[in-house]
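Trainee: From first to last, the protein sequence lines stand for chains A and B.
1 is the number of the first residue of the first sequence in my numbering; add one for each residue after it.
1001 is the number of the first residue of the second sequence in my numbering; add one for each residue after it.
Just so you know, these hints were derived from the structure itself, not from any lab.
Among the hints, a few may not be true.
Listed below are the simulated BS3-like cross-link pairs for lysine-lysine, each with C-alpha atoms no more than 30 Å apart in a straight line [what the hints assert, rightly or not]:
hint	chain 1	residue 1	chain 2	residue 2
1	B	K1114	A	K114
2	A	K63	A	K229
3	B	K1202	A	K357
4	B	K1333	B	K1063
5	A	K423	B	K1333
6	A	K202	B	K1333
7	A	K355	B	K1102
8	A	K220	A	K355
9	A	K333	B	K1423
10	B	K1237	A	K330
11	B	K1202	A	K202
12	A	K202	B	K1038
13	B	K1423	A	K351
As the structure is a computational prediction, the values presented were derived from the model and not from experiment.
Here are the chains, one letter per residue:
Number of protein chains: 2
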Amino acid sequence: MAQFETSRRSLLKAGTAAAAAAIAPAAAHASENDKSVKFDGEYDVIVVGSGFAGMACAYKVAKAGLKVLMIEKMGVFGGNSAICGGNMACPVNPVQKAQGIKDSEELFIADCLKDGLGINHTELLDVLYRRGNDTVKFVTDCGAEFVPNKMLFEGGHSVPRSYEIKAGSGSGYIVPMYETLSKMKNCVMKTRTKFDDFVLDKDGRVTGVVCREGYRFNRKLASDDVENKTGHRRVYKARKGVMLAAGGFSRDIWFRQVQDPRVVPSTDSTNQPGATAGVLLKALEIGATPLQISWLQFLPYCNPHEDGFGVTVNFTNHACMDLGMVVNKKTGKRFMDEHAGRKIKTDAELKVIGKDKNYPIAICDDSIVKAINPSFVKAPLAAKTVFVANTLEEIADHFGIKKDAFLAEVKRFNQFVKEGEDKDFHRILKFNNGLTISKPPFYGVEVAPKIHHTMGGLLINPEAQVISSKTHKPIPGLYAGGEITGGVHGASRLGTVAVLDALTFGMVAGENLAKA
Amino acid sequence: MAQFETSRRSLLKAGTAAAAAAIAPAAAHASENDKSVKFDGEYDVIVVGSGFAGMACAYKVAKAGLKVLMIEKMGVFGGNSAICGGNMACPVNPVQKAQGIKDSEELFIADCLKDGLGINHTELLDVLYRRGNDTVKFVTDCGAEFVPNKMLFEGGHSVPRSYEIKAGSGSGYIVPMYETLSKMKNCVMKTRTKFDDFVLDKDGRVTGVVCREGYRFNRKLASDDVENKTGHRRVYKARKGVMLAAGGFSRDIWFRQVQDPRVVPSTDSTNQPGATAGVLLKALEIGATPLQISWLQFLPYCNPHEDGFGVTVNFTNHACMDLGMVVNKKTGKRFMDEHAGRKIKTDAELKVIGKDKNYPIAICDDSIVKAINPSFVKAPLAAKTVFVANTLEEIADHFGIKKDAFLAEVKRFNQFVKEGEDKDFHRILKFNNGLTISKPPFYGVEVAPKIHHTMGGLLINPEAQVISSKTHKPIPGLYAGGEITGGVHGASRLGTVAVLDALTFGMVAGENLAKA
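Generate the whole structure from the sequences, applying the supplied hints.
Mentor: Now the structure itself:
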């Protein structure tokens, strides 16, 4: 059967870039001779993107003996996944059981719905519950290592349910997966290769991709997706299907501001610069269903004096927010449940920060620092983003916190921990294990939210198939997982659930592609 | 230049329906011979949809002497516009000035941003401010009649700034516009004609539409857009451009639930049954930019015992919420600022209603009823949706309101009105003009929110041009206005602003098409 490109309407034909205007008009048609396409290579499966969802899918498919092509537009593999925190939620797992932590599917879904404002697609959360332990086994088999017998108590979760990755970041999954894949003859992985378009057969099945090899992302362009014409065009056939794992658009200056005009070009993001909306938007052109695209999530424990993700996030989150406290400099007092979900904390912090950039101060002490992963402390100390002092008074002086109120507030907080009840913000304190802010040295760090995750995306079903808005059925041959999809998290996600989400739906897509 | 249909990827070729499966696969390609299209007719402008935005655009263009085709998929013209309340906001207008009401662009935009949660596109709100008085003149010239020297004080607006349409509904604009257009030889209007696809030229300019004449909307289908294959295919050329004025998707059972899974098929809507997402989704296929599509707005003054919009909305809104009060039956007390924006009130009501359907009761008295448009009272009295009694005790008995607390609450509310200060919910009371709930007979009515408006849609610029996500520039030949667009209202719109929005951007699109 003859193959047709959708790309007769596409601009991104670098091979003929000389003939195209600098910015071509919308929906331009290609030349006559694109009705049948000449493939430059054939694979069983083509994976677009190399983060958690892409790696997991490629791994599953390659291990099944199929021929895989993974394309990554940036110069390195791993996307945001390689630089994220990397800890992974898993509801109802054996470590919880061994520690007497009672968890359930209902509790997990209720926690997700709370920060997600109730608009999560629970049929997808159900997949995370049903397959979570399979995912843990899968990534462990891949070579990922978790801190043994440890469950993190992450913000917004009602119980400790998150595995801590030993490596201290998502590289703990990406590196071993990549190393295995790079040794497999049936897996080809290409960096600097940008997805441009789909190839469809006459029945609408996705049968390949148009891409550009030798493309170089240019962060100086206002919009790399629109303006960058580098690289040479290649068309590859995917006999079984295509997996979209291209991530979110937190760094897409134009598209994110269309969704939320309050986000200006200078608004910082924790994401790598290649996090743009190009693949998502191209999927809409073949009828993929958009959902909840306008919800941008901020990470509420970033440092305003670092660019991007920085090195301080894990410290602020796991030391000061999981176990310590956060105060408003102007009042010296706490102003939120430091263990709430990301949306609740972001909203509270933005109110405090206001127009005069009154960044909240996150606080902890030596006993707390000794209780967390040592790697979380080293980097911010070296970067001097965290201020260390022998007394709380010095902390107050350094940051300009209203001193008397602050000292009283620390005492009040410590009393709450001892009594196991937060009378001000109803924070769950039982997993503090009695840790208070009492033992010098004391630590303080400024806090600000940065754009972290774009919650919406393409609609998938529990089999990771992309659903067409034209038929309400799967688009044949098209799968997706991770941040390019929407629905799992609703309006806002809890920490460590995205890692589970991307790895699980990558694995599920791989399973389904292997038997397709 | 040869014309190409995008519809080779489309299913909706009723002319060859016999050859198509009942539900064809996504992105199916059409037959070989669709590279050049045979037009069944040529117009200067084709308008898709016949509500405010469509009528205003067609009127402007037809009056300029151009040849216009307006297509409407339903059996009657007017869409939701014909059945909506019809009152129209206009910031900084002469009636306000004559009455000493101080308004400004800043105040108008601040009001919209408040209920819109700050995500409105203010460059579009600015158009409503700059062109609002032009729109009033335009619709008056068209034959619309407002109640003279009257400004309505609508929920969420800080000052009275809305014209009251004499007819008591949006038909007050639609009917005179339609009557004029139907007499013009250069304007052809077709009902039961469903838009299926765009025709594009090789440079991506929209040069026509594919539609089906003799189509019959079938409300019994799970999805009319996907399943209904009725009608015969026609392709029409649009020499200057195409205007999308196809409205929102409040009745698109599938697509609205994808955006908000809490909305189930039985969730009622004020909209006519044809309010589906088909045209919006087809525009995404040619690269139109989606924005804020997942925000559904509920109308917080509907009657749960009527289907759809019903006949009670204007009474509940203008008598009980603008001037009277609303109580929780269980407490007998008020629970919200009855004059807040729609999102704030919807959220408050849904909390009260809960799972046991504890509908709030909206109350007013004879003096209030005498102050509003008499047409707002007649219909609900005839439909018996409103309960009338000589005493407040009877009202309490009838609805099961906690009586003593309720009687005390009415006294408290009346005192607030007299003092001009709402100590409980900070409602603006100065425009109540001293009207209290004191004079029998008294009126009571149950209240529930229904899906009313889908806030997001296509991105347009201030010239009503649809913006491509592929170029960040206008898609040549494509305009849009009204509910199919997004951004003006952000997350939630204020009452009477949508009428201004749709008529203004319809007018602007018409102006630009006339000079295109």
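Trainee: Against this structure, judge whether each hint is valid.
Mentor: Outcome of the hint check:
no., hint, in the structure
1, B/K1114 / A/K114, "23 Å, holds"
2, A/K63 / A/K229, "35 Å, violated"
3, B/K1202 / A/K357, "51 Å, violated"
4, B/K1333 / B/K1063, "54 Å, violated"
5, A/K423 / B/K1333, "28 Å, holds"
6, A/K202 / B/K1333, "63 Å, violated"
7, A/K355 / B/K1102, "28 Å, holds"
8, A/K220 / A/K355, "28 Å, holds"
9, A/K333 / B/K1423, "28 Å, holds"
10, B/K1237 / A/K330, "65 Å, violated"
11, B/K1202 / A/K202, "21 Å, holds"
12, A/K202 / B/K1038, "22 Å, holds"
13, B/K1423 / A/K351, "24 Å, holds"
Hints 2, 3, 4, 6, 10 from the earlier list are contradicted by this structure; the remaining hints agree with it.
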